[in-house]
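Enquirer: Here's the letter readout for the chains.
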Amino acid sequence: MNIRTNPKKLRGFERYIKIDNVSRRSILKGLGLAGGFVLAAPVMSRPSLAAYQTGADKMPHGTVVDPRVFVAIAPDGIVTIVAHRAEMGTGVRTSLPMIVAEEMEADWSRVRIQQAHGDEVKFGNQDTDGSRSTRHYLMPMRQIGASARTMLEAAAAKRWGVPATEVKAVNHEVVHSASGRRIGFGDLAADAAKESVPSVEGLKLKDPKDFRYLGKGQISMVDLRDITVGTARYGADVRLPGMKYAVIARPPVTGGKVASFDGAAAMKVSGVEKVMEVKGWPWPSKFQPLGGIAVIGRNTGAAIKGRDALKIVWDDGANGKYDSVAYRAELEAAARKPGLVLRKEGDVEAALKGADKVIVGEYYLPHLAHVSMEPPVAVADVKGDKAEIWGPVQSAGGTREDVAKTLGIPQENVTVNVTLLGGGFGRKSKCDFAIEAALLSKELGAPVKVQWTREDDVRNGFLHTVSVERIEAGLDKSGKVTAWRHRSVAPSIASTFAANTVHQAPFELGMGLVDMPFEIANVQCENPEAAAHTRIGWFRSVSNIPRAFAVQSMVAEIAHATKRDQKDMLLELIGSPRIVKLDSVKDLWNYGEPYDSYPIDTARLRKVVELVADKGGWGRSVPKGHGLGIAAHRSFVSYIATIVEVAVDDKGKLTVPRVDTAIDCGTYVNPERIQSQIEGAAIMGMSLAKHGAITFKDGKVQQSNFDDFRVIRIDESPAVTNVYIVPPGSDTPPSGVGEPGVPPFAPALINAIFAATGKRIRALPIGKQLEA
Amino acid sequence: MITLKINGQQKNWDGDPDLSLLWFLRDEIGLTGTKYGCGQALCGACTVIVDKQAIRACITSVSDVVDREVTTIEGLHPTGDHAVQKAWRQLNVPQCGFCQVGQIMQAAALLMDNPKPNHDQIREAMAGNICRCGCYQRIENAVHLASTGV
Ligand code: FES
Ligand code: FES
Numbered sequence: 002m003n004i005r006t007n008p009k010k011l012r013g014f015e016r017y018i019k020i021d022n023v024s025r026r027s028i029l030k031g032l033g034l035a036g037g038f039v040l041a042a043p044v045m046s047r048p049s050l051a052a053y054q055t056g057a058d059k060m061p062h063g064t065v066v067d068p069r070v071f072v073a074i075a076p077d078g079i080v081t082i083v084a085h086r087a088e089m090g091t092g093v094r095t096s097l098p099m100i101v102a103e104e105m106e107a108d109w110s111r112v113r114i115q116q117a118h119g120d121e122v123k124f125g126n127q128d129t130d131g132s133r134s135t136r137h138y139l140m141p142m143r144q145i146g147a148s149a150r151t152m153l154e155a156a157a158a159k160r161w162g163v164p165a166t167e168v169k170a171v172n173h174e175v176v177h178s179a180s181g182r183r184i185g186f187g188d189l190a191a192d193a194a195k196e197s198v199p200s201v202e203g204l205k206l207k208d209p210k211d212f213r214y215l216g217k218g219q220i221s222m223v224d225l226r227d228i229t230v231g232t233a234r235y236g237a238d239v240r241l242p243g244m245k246y247a248v249i250a251r252p253p254v255t256g257g258k259v260a261s262f263d264g265a266a267a268m269k270v271s272g273v274e275k276v277m278e279v280k281g282w283p284w285p286s287k288f289q290p291l292g293g294i295a296v297i298g299r300n301t302g303a304a305i306k307g308r309d310a311l312k313i314v315w316d317d318g319a320n321g322k323y324d325s326v327a328y329r330a331e332l333e334a335a336a337r338k339p340g341l342v343l344r345k346e347g348d349v350e351a352a353l354k355g356a357d358k359v360i361v362g363e364y365y366l367p368h369l370a371h372v373s374m375e376p377p378v379a380v381a382d383v384k385g386d387k388a389e390i391w392g393p394v395q396s397a398g399g400t401r402e403d404v405a406k407t408l409g410i411p412q413e414n415v416t417v418n419v420t421l422l423g424g425g426f427g428r429k430s431k432c433d434f435a436i437e438a439a440l441l442s443k444e445l446g447a448p449v450k451v452q453w454t455r456e457d458d459v460r461n462g463f464l465h466t467v468s469v470e471r472i473e474a475g476l477d478k479s480g481k482v483t484a485w486r487h488r489s490v491a492p493s494i495a496s497t498f499a500a501n502t503v504h505q506a507p508f509e510l511g512m513g514l515v516d517m518p519f520e521i522a523n524v525q526c527e528n529p530e531a532a533a534h535t536r537i538g539w540f541r542s543v544s545n546i547p548r549a550f551a552v553q554s555m556v557a558e559i560a561h562a563t564k565r566d567q568k569d570m571l572l573e574l575i576g577s578p579r580i581v582k583l584d585s586v587k588d589l590w591n592y593g594e595p596y597d598s599y600p601i602d603t604a605r606l607r608k609v610v611e612l613v614a615d616k617g618g619w620g621r622s623v624p625k626g627h628g629l630g631i632a633a634h635r636s637f638v639s640y641i642a643t644i645v646e647v648a649v650d651d652k653g654k655l656t657v658p659r660v661d662t663a664i665d666c667g668t669y670v671n672p673e674r675i676q677s678q679i680e681g682a683a684i685m686g687m688s689l690a691k692h693g694a695i696t697f698k699d700g701k702v703q704q705s706n707f708d709d710f711r712v713i714r715i716d717e718s719p720a721v722t723n724v725y726i727v728p729p730g731s732d733t734p735p736s737g738v739g740e741p742g743v744p745p746f747a748p749a750l751i752n753a754i755f756a757a758t759g760k761r762i763r764a765l766p767i768g769k770q771l772e773a
Numbered sequence: 007m008i009t010l011k012i013n014g015q016q017k018n019w020d021g022d023p024d025l026s027l028l029w030f031l032r033d034e035i036g037l038t039g040t041k042y043g044c045g046q047a048l049c050g051a052c053t054v055i056v057d058k059q060a061i062r063a064c065i066t067s068v069s070d071v072v073d074r075e076v077t078t079i080e081g082l083h084p085t086g087d088h089a090v091q092k093a094w095r096q097l098n099v100p101q102c103g104f105c106q107v108g109q110i111m112q113a114a115a116l117l118m119d120n121p122k123p124n125h126d127q128i129r130e131a132m133a134g135n136i137c138r139c140g141c142y143q144r145i146e147n148a149v150h151l152a153s154t155g156v
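Protein chains in written order, with the working numbering: chain A, 2 to 773; chain B, 7 to 156.
Since the hints were derived computationally from the structure, they do not count as laboratory data. Heads up, some of the hints might be wrong.
[As the list claims (entries may be wrong)] Here are the simulated lysine-lysine pairs, DSSO-like style, with alpha carbons at most 27 Å apart:
#: 1; chain 1: A; residue 1: K481; chain 2: A; residue 2: K760
#: 2; chain 1: A; residue 1: K275; chain 2: A; residue 2: K387
#: 3; chain 1: A; residue 1: K322; chain 2: A; residue 2: K698
#: 4; chain 1: A; residue 1: K217; chain 2: B; residue 2: K11
#: 5; chain 1: A; residue 1: K123; chain 2: A; residue 2: K205
#: 6; chain 1: B; residue 1: K17; chain 2: A; residue 2: K269
The structure presented is a predicted model; accordingly, all values stated were derived computationally and were not measured.
Looking at chain B on its own, in the form it has when it is part of the complex (with noise of 0.2 Å):
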């Protein structure tokens, strides 16, 4: 049996410990926020928060996360008000919307670390993340946006 701590909340698994977290998110507990778009590291859909780091859900293991924090999109912020998501609507940055959670967990995680991240730092930062739909302008100028108080 293995217990991982999301959202700072006890979650217990007692299937195959090679499960992905992010399968394990989805479909075992329910925490649909958290996308899959390539299963391989390349697309950051599945971006999560293991202590202060964005990881990719998609090839990292429940027992690769024991004992550490895991945040997702629905542990963010209580009200949905952190100051990537506030910028993310004030500019209306997304299309279909499907990358966003995980363009999201990538800038609040960039934040952590540079709070005033410059242009190229940001492109840097978000340069795993893909968005099909194309919202890249505005991604960019939501995190510039996040980073200098919305």
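Next up, chain A with everything else stripped away, as it sits in the complex (with noise of 0.2 Å):
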């Protein structure tokens, strides 16, 4: 990326480039030191029998490869392993102690689960978000089970004499086959313990074709019963002795401030206990508070009738002329216009001037909300220099980080608890509510639950970016295509960090702008200016939803142009099996990994759309007003395809009759939690399709609760969505699943909506465009 050659645009844009591997929490590392972030060393060197490398000693702090952190054996012989990263669906909280499990011969059925606080010096990294979990830590685990492992059949041995090569773990003993004895892993616990770690390199890792649970699918989460009995625990759910029950009323317009207020009402609402004002932080404020003001009560029911009674005056600030209408002219105008070049093959000005035919498609996408279905919430206890927080966080390190700065105290006095989360997609990366309630306990002297109405969550979030992707496509006079441009325009999340961001970041634009697969002659990527007036973050799948819908109706959109088949035109421009080659991308992001391990594999892509397209009865024949489409990604280096069959009736009433997904993933863990993943991403994307806007007008958000921003209900679902992993070769590395299932889905259906209708639909979300 050439960021670097047009100095006069940084604008405090410098310090962020040099961040080449971006967690959610190291950007505000990165953007608030110059010079980057510092990564503590791994308590245990790299592990060098791995077979491939990953970026997860990049994060912050790195991955820890000990058993004696992770794994606690008691004398009745139950095996406790920590779970260090925030469960919110994904099944995260099973398949990472599973991979301990199997790779220790430990019976799972006499495994617990302990979920560990937030402490990344003892634990290693965990933010969890980015897709990341299994794709950095399936060799660690396997790495600690092996080690414990070890170090219990080194134990065993000695207990009997014999050498070690003669004992072998086997389901929670270890046996010695020779002379039959056998002991269990409780009889072993202590003198285990006495063994030293055994160094990474000398580990014997299990043979694949030995796994028990690994890859299988057989052991469902361990937070089900739970759930379907209302135990489970989400932070919403954390009560403490005295703990009191607050509510915010923070600006409307990001930025904005209190200018006067008046309680008075409010304290007369029953159950009411306190009104004030909370600290702000001015904008951009990373993931500061927005401040405002409080209202405490005995339950939290009291407290919102009690803000409902306030009377505030808010001074708007900077912000109070943002318009979505407005602004999406402003970003079409930015699209037609030449900006920052990141890609550059051939030439492609010359090739499009001398094309056949050019084809042009403008993609809009406006702002999204997580809505993630518990709203946030923390609670918090802060007493003298000491905090303890319980919150339903993705980031339990950085929220540690940002606890313990706000407050002014040391890290080492403040402990985050980490509950189940009623749904995270990004949202809950940023820990801007567990800090409102430790400023709060700490004014107030009582532990405080800070509840987030659905109405704040709509309003006040953190949202998906606003984006216009322009798309021109030069063909020759066969049909082939020999020139694409593509700009993408949309406020970076960088803003959220650093004020007069105009350009996209490195991790947003390796999100299917500059990772581009397709085997074309001249290609040039580019990034025009956009300005934030509004807080963005990442949202599952962040920039390559927006990408994904412009290329992949791009696609549909030459082969309806040149009277292909939608498949043979998409294969066609991934063309050749190959590894790609971005030399002309200085910064390509490559989901902060090393691209030896997880280069762009056409041969990949192309298999998922084959095999998507041979499972989902690509071409088969459908009912009029049906049409098929199709779409194929590659994000969070794992490959995807989508064939989405619509039905829209004459009056425009779209259903869904069916969904095929084909995922290469790699290695894998837990084939069940993959299904169950990409079934939801079904969900997300039709829901973002669909529905999906969140607009503003004088600086506000329009919206409010689910009645204007709309998901997808069960009546509108898809009646089937069919989901077909690829096996995994030998040794290829895992990688993301939470994420890579959204993206493809909008442009599969607004291409099987061409299909079935003939409109194109450029814009979303569809909304009533169907009825015209």
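Both chains are given apart, each in its own frame, so use the hints to dock them into the complex.
Expert: This is the structure we're talking about:
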């Protein structure tokens, strides 16, 4: 990426471009400290036996591979394994410990899970985002399990006076087959703990053909029963003795603040105990609170009623004119002019001029809100220079750092207890809600729960960006695509960290723009400027959503213009099986992964297209009013292709009889949870395609709840969603699962609508466009 | 003073009679199985059963349910093995799980009313319950499984 060649445009931007590997938190550090962030050394050295390298050690605090940190064995044989990542529905709290259990030969029915509190020096990086948990931790967890097994075996061999090579851990015991002796893990626990931890280099990992749990999908989530009986504990469910309930009226315009307020009427509401101001930070405020007026009550209902009675005069500040209609026009105008060039192969300008035909598509995607089913919520208990937090946080370590910094106390004095998350989708990577609780608890001298209402969540979140993607494709006489210019204009997530940000960051540009995999002679990717007027944040799949929508819609538009089948056109553009070379891209993010381990491999992309076409019955004849659409996309270093069948009736009512998705996520741990993630991704993809739009007028969000920010309900959900998982090659590294399912859905749906109706939708959401 | 009957137990309340049942359950008596998702009867996360009907606790005031039998997830089945709960586990329905209590209560109420709902009836009865994680396919299958015997 060549941002550096354009110094006049930097304006405070220069610091973040040093970051080549971004977690949602490290960008913050990278932006705050010149020179980027500092990595703590992992407790043990990078394993040389790993068949592949990942970006795990570039994350803040890297990985920790130490069985003493992650595994405890009680005398009764119960094995406790620490889950150090946050559970928000992906099943990670089950799958990572399951990897340890697999390698140590523990019997899953005798395994208990303990959730780690926020402590990255001890546990390694805890940022549960970026579809990274399995990809970064499959090998470390295997090593932890293998170390524990080796220690148990060594202890048994000593006890029996036989060489360690003669004993073997099998299903919760160590066995000496020559003598028929066996001894349970519980009986060995004390001795095993005295063994030294073996070096990672010397560990012997299990042969995958002996796996009992890994890759099988037979084990349910550890929280399944609790969820079905109502005892699963989310952030909202934490209750402490003497705890107060708070809701906060926050500035309706980003960067606004309280000019004056009158809490007298609120204080008269039954159950309201106090009205007080909460500190806010000037915009861009990173993950710090927006500030506002808090109402404290004996229960949440009283606090909400009290808040309704507040009289507040706001000072809206610089973003008071933000208007989505006008802003869309600005983005479109910017997309029609040259922008910062990020990738350049051949001569696009000349190739477009010389083309027989040029197809232009401009695709618009509005802001989106996460609306996780559990709105942000946190409990804090601050006493003197100590703070304890309970909450549904994706980033336990980051929350600890930010709370400590805000309160001005050492990190060691902050305990962050991670509850289950009632959905995250990137919203809960930002810990503003935990900081709010900490500030209020400190003031009140009592434990406080801050509950965001759904309206707060919709109006005061960190939204998915808003974008115009403009693609020009030049075709020669034979219909072959010879030129491809893609301009992407959108306010950047970096704007939440640094004022005057006008360009997208490498981690955004690397999500479907500069990493476009097609085999085309002349390619240029550009990023014109766009300034932000609200808080922009990571939303599941991030920039891949608008990019896949644009690129995969354009593929179908070209297919239509040249009278070819969508799937054939897609395969032709993907081109020959090869590793894509992106020499002109200076700062290729590649999801933070080394390109050697995780290159863009078009053979894998072709394969998911062919697989889904085969299994999903591409080309089958469908009834009148129905249509099939296809889309494929690589994101989070996984490869996905989706076919959607739609039916559109003569009133424009849209239904989805069938969805088929194929995913290649490399080596995998729990296919049952992969399936559930992809099923869910179809719903999220359909939600944003059909209904999703957060819009602004006079600086304020116009939506408030599920009536005007709609998501798909069961009666409009696809009738069937089929998922096909590509079996991994023997040493294909694991890749992402939580996010990759979303991006291809919208374009597959839109392409299907075109096939059914001849209507090409270029602006999402679909809304009433089919009724026209 | 208001007296409520919740999961067969008497509960007293001498505060605001307009307080919603949701916050009474969650904050005043600690029955946190019932969830808050929208506060406006739009999402179904707060679904409980009153007499034999699924209702949204977030828009129901405590005074509305005096002399009625309120059943929450905590009282749905003594060992948590209602047919709906079992079906949910058998099919691994939940992802994050936050909506699932509401879904289960809605499904249990549906089956009381219509023991053998068809595809369309399931979709219609469950349409008030949002699952942002998108577990709908499994929810539909689990209701069907619960109705045909787990
Ligand atoms: S919280 Fe009651 S319906 Fe959403
Ligand atoms: S399982 Fe997460 S909202 Fe339904």
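Enquirer: Which earlier hints turn out false for this structure, listed by number in ascending order?
Expert: Hint 4 contradicted; others consistent.
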